[in-house]
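Undergrad: For reference, the chains in residue letters:
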Amino acid sequence: MPTPSLDPREAWKPLPAAAWNSDLARHLLRRAGWAARPDEVARAVNEGLPATLERIFPAQPPPLERPVYLVKATERVQELQRLKRSAPTVEDRRAFDREENTLEAAAMAEFSFKWLQTAADPARSAYEKWLFFLTDVYVVSFEKVRRAELIFRHWDVIRQNSLGPAPELAKAVSRSPAMIDYLDLNRSSRRAPNENFARELFELFALGEGNYTEDDIKQAARAFTGYRHNREGFRFSTRDHDAGEKTVFGQNGSFVGDDVIDLAYARPAAATFLPREMARFYLSDQTLPHEFFAPLGEEWRASGFNLRDLCRRFFGSVAFYHPDFRASYIKSPVHYYLGLVQDLGLDVIPLERTTLQPIRQMGQQLFRPPNVRGWVGGRLWVNSSTLAARRQLAQTLCSPFDEDRLNADERLEIEVARDAGRRRFTVDADRIRAFTALGPRGIADRLCDFFLPGRVDDGYRAALVDYLEAAPDAAAFEDRARRAAITVLQSPEYQLC
Amino acid sequence: MHPLLPSTRREFLRLGTKGVGLLAFSRFAPQFLVQSTLAAPRPEKDRRILVLVQLAGGNDGLNTVVPYADPAYHALRPTLALKEKDVLRLDDHLGLHPSMAPLHALLQEGRMGVVQNVGYPNPNRSHFRSTEIWETASASDESLSSGWIGRYLDNACAGADAPPFARDNEPDAIHVSAEVPQSFGGSVPHNTYGLSLGARAGRDDVALLERLASRPDAGLAARAGQDHDETANHAFLRATLMDSLVAEKRIQRIIDANKPEAVYPGGNFAQSLRNVAGLIAAGLSTRVYFVSLGGFDTHAGQLNSHANLLRQLSEGLAAFQKDLTARGLDDQVLTMTFSEFGRRPNENESAGTDHGTAAPLFVMGRKIAGPLHGTAPSLKLEKNADLTFSTDFRSVYATVLDRWMETPADAILGARHERLGFLA
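Chains A and B, in that order, give the protein sequences. Counting from 1, position 389 in the first sequence corresponds to residue 389 in my numbering; the numbering is continuous, with no gaps. Counting from 1, position 95 in the second sequence corresponds to residue 95 in my numbering; the numbering is continuous, with no gaps.
Some clues are possibly wrong.
Facing chain A, a subset of chain B residues (Cβ under 8 Å, in silico) [to be verified]:
1) Arg-129
2) Tyr-193
3) Arg-215
4) Gly-219
5) Thr-231
6) Asn-233
7) Phe-236
8) Glu-248
9) His-299
Just so you know, these hints were derived from the structure itself, not from any lab. Glycine included, each C-beta is placed from N, C-alpha and C at the ideal position.
Construct the entire structure; sequences and hints are all you get.
TA: Right under this line is the structure:
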């Protein structure tokens, strides 16, 4: 996949303005975001690439407020913890535990819906996907952290530092309570340093395997001792901190955690580590050689590891638009879901059963990556059962919303969403009827041109036209128009971007 | 490729020159073509099936097969050590974790064996890297892109006159895990199937989808006017979809009709094994199954969580073996556990254990020779030092490939590894 024709020195130069066109704009919108809606494509073409990148990666991270339910659930959990301490029996304590778990899971689901709805907004897509990428580097999991509030704060810490210098992001993350719990910093003390965080800092956050020694980890772990948190947030416990001299990467000093992060970013490997992770997330599931990223890494280091700068260079480069990197990347389940929502012009259905469960069945659980490495992605997303889940989702979102099946709680959630102006949950009959006016050839073209990356061969279009033309009457044609749309969204080509 | 290819399939051969492997291509063929061109299913009387059970996260070996009589063990584990009176005795030195009674019984009946202190030289303590080492059967300092099961499948499919490995439209290997195991990766695509609890396709008309996925000149061009080149991912998606369209109908029918002859406990792990037993009983030609139990990364407060995990493992495996035995299938199935590493002998300050090196693994089948294989690890250790392995995991693989799968193990593993005594 790393094309010999693409010289690393040329690859990261800005794309010439004359090359910018609607095909490339679609590629940018699908890769940096989730989908390429015609209005967004037109806007990007008009503005030009640099201005588009200025806009979709803004100078200031856009805010995301804490969901109201999360606040309420967190208050109740704190109350439950007080109650638990004075609970008379084990049974009482267990009942409190159960309520606590239910509240936390519900709060996590609430945050999931809120984030998905925000990320589905075309104006926010690229930024929220960038945030999603960074949380896939600085991984924590609700599975271990168990506190929705801490997960929310973790995402917020990353959000606040998502477009500034990368070392500042790493330092902020090392103070994130969720990270302190997830990688056992809370257990790490002067007498018993825990290596978990130090190891992942080097291996998965900043440098990559092979760029540090086991001894660097042991010594770095000592620098991160004493990192704690309480209700207010990060707390540094001097008593638990090892203030002695450490040797990390050959340097001596009574380092604290921040010093170790600065030492890590002074290593040569730091300049290409995050660009390579970006390439894996945005460009290609093939491992591209380290040397390919060297020029980009040098520029990034010279910018003080500025993340917004890296985004603009990466998404504005010749390499990003190279034909080898187009219509070839397998969408993640979250991408597939949000791509459908945007392509079909839908709102996120705020129900676990219809939204979070399908994403999980496709192989991805928001806030619950499989391990500290995050999602590996690529072909690992694809097997018979995950493809079956993708097919089911396309079918559901293109079929009338079945309100009869909702239980009372679900109906209430739907009412609340409707009051907030979100009411397009699936593709309804009116939209399909309007669609049928295009006729067989028109429908086939619309489906291929709007939904699929790149251009499909004529055989694909012909199969759709044949299918549509075989409808014996108007009712059957409407049914086939819907079926054709579903099938395109289920087809191998729509899994790619 | 099958030597008896009829001319009706020749048009598909062109795909072979466009970067799609022939094996992948053969799966695009419509089902009626496949059925009409393959020889009758081979007899499956003496088929041998391997079930791999992954203990993801790094299982604490010292608290699984417990050296209860060794004072050093108790010194290493002030809060986590299991007491002599609690362990399930194997001999005067070793016992199983108290929550493994069902496996203890199997051990005593000669249907389970322990391979002790399994690892590899220059151990890596990264979950991902060490899992990769185990799944690709590589040395610690080499990187292989194919998995050991994938290479086994490569080998079984190679040769001009070899028949297709599994019967067509039946997966070569089935995994019950969200992601495809790295061990399944071959040098050519193999038909592997991911089974999950819950995900099921809705009833719908899939004829159009079949036609789109199986069209011979499939391609996506980056821009108008270019050739419609098919990328590797595109070919992969088409192959997987076609495979799954055919396989899913059949497999779901089997699972719906499965009538286990043992009571399985609740939980995803045991239910996964229940489904595997059903598929084996239905006579599927699939030779390898992969089931995963996660949560073994016990850095803190491990006593309860580890006990729960070992209980799930033990009860699940025992129910599975009982089911197979009742159905007269136990002579066809070998089950084997593995985990990316064991854990540090010294417990940490969080009543947990950190990433370590070697650990025991279990093999289960109708006839396992002897309960204990290899030697127990030495616990004469410096503070916070790790165990030194005494049996290389590739010896376990070599034994399984050679004596169970009856395949040239050394070719698949790329080197000669000593065979162990758990299989005669």
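Undergrad: Against this structure, judge whether each hint is valid.
TA: Hint by hint, here is what the structure shows:
1. With a cut of 8 Å, the hint placing B/Arg-129 at the interface with chain A holds, because the nearest CB-to-CB distance is about 6 Å.
2. For B/Tyr-193, the suggested interface contact is upheld, since its CB lies about 5 Å from the closest CB of chain A, less than 8 Å.
3. Satisfaction of the interface hint for B/Arg-215 is found here, the shortest Cβ-Cβ separation to chain A being roughly 4 Å, below the 8 Å cut-off.
4. At its closest, the beta carbon of B/Gly-219 sits 5 Å from a beta carbon of chain A; the interface hint therefore holds under the 8 Å criterion.
5. Using the Cβ-Cβ criterion of 8 Å, the hint placing B/Thr-231 at the interface with chain A is satisfied: the shortest such distance is roughly 4 Å.
6. With a cut of 8 Å, the hint placing B/Asn-233 at the interface with chain A holds, because the nearest CB-to-CB distance is about 5 Å.
7. Checking B/Phe-236 against chain A by beta carbon gives a least distance of about 6 Å; that is within 8 Å, so the hint holds.
8. Among the interface hints, the one on B/Glu-248 holds; its C-beta lies about 6 Å from the nearest C-beta in chain A, closer than the 8 Å criterion.
9. Taking 8 Å as the C-beta cut-off, the interface hint given for B/His-299 holds, the closest approach to chain A being about 5 Å.
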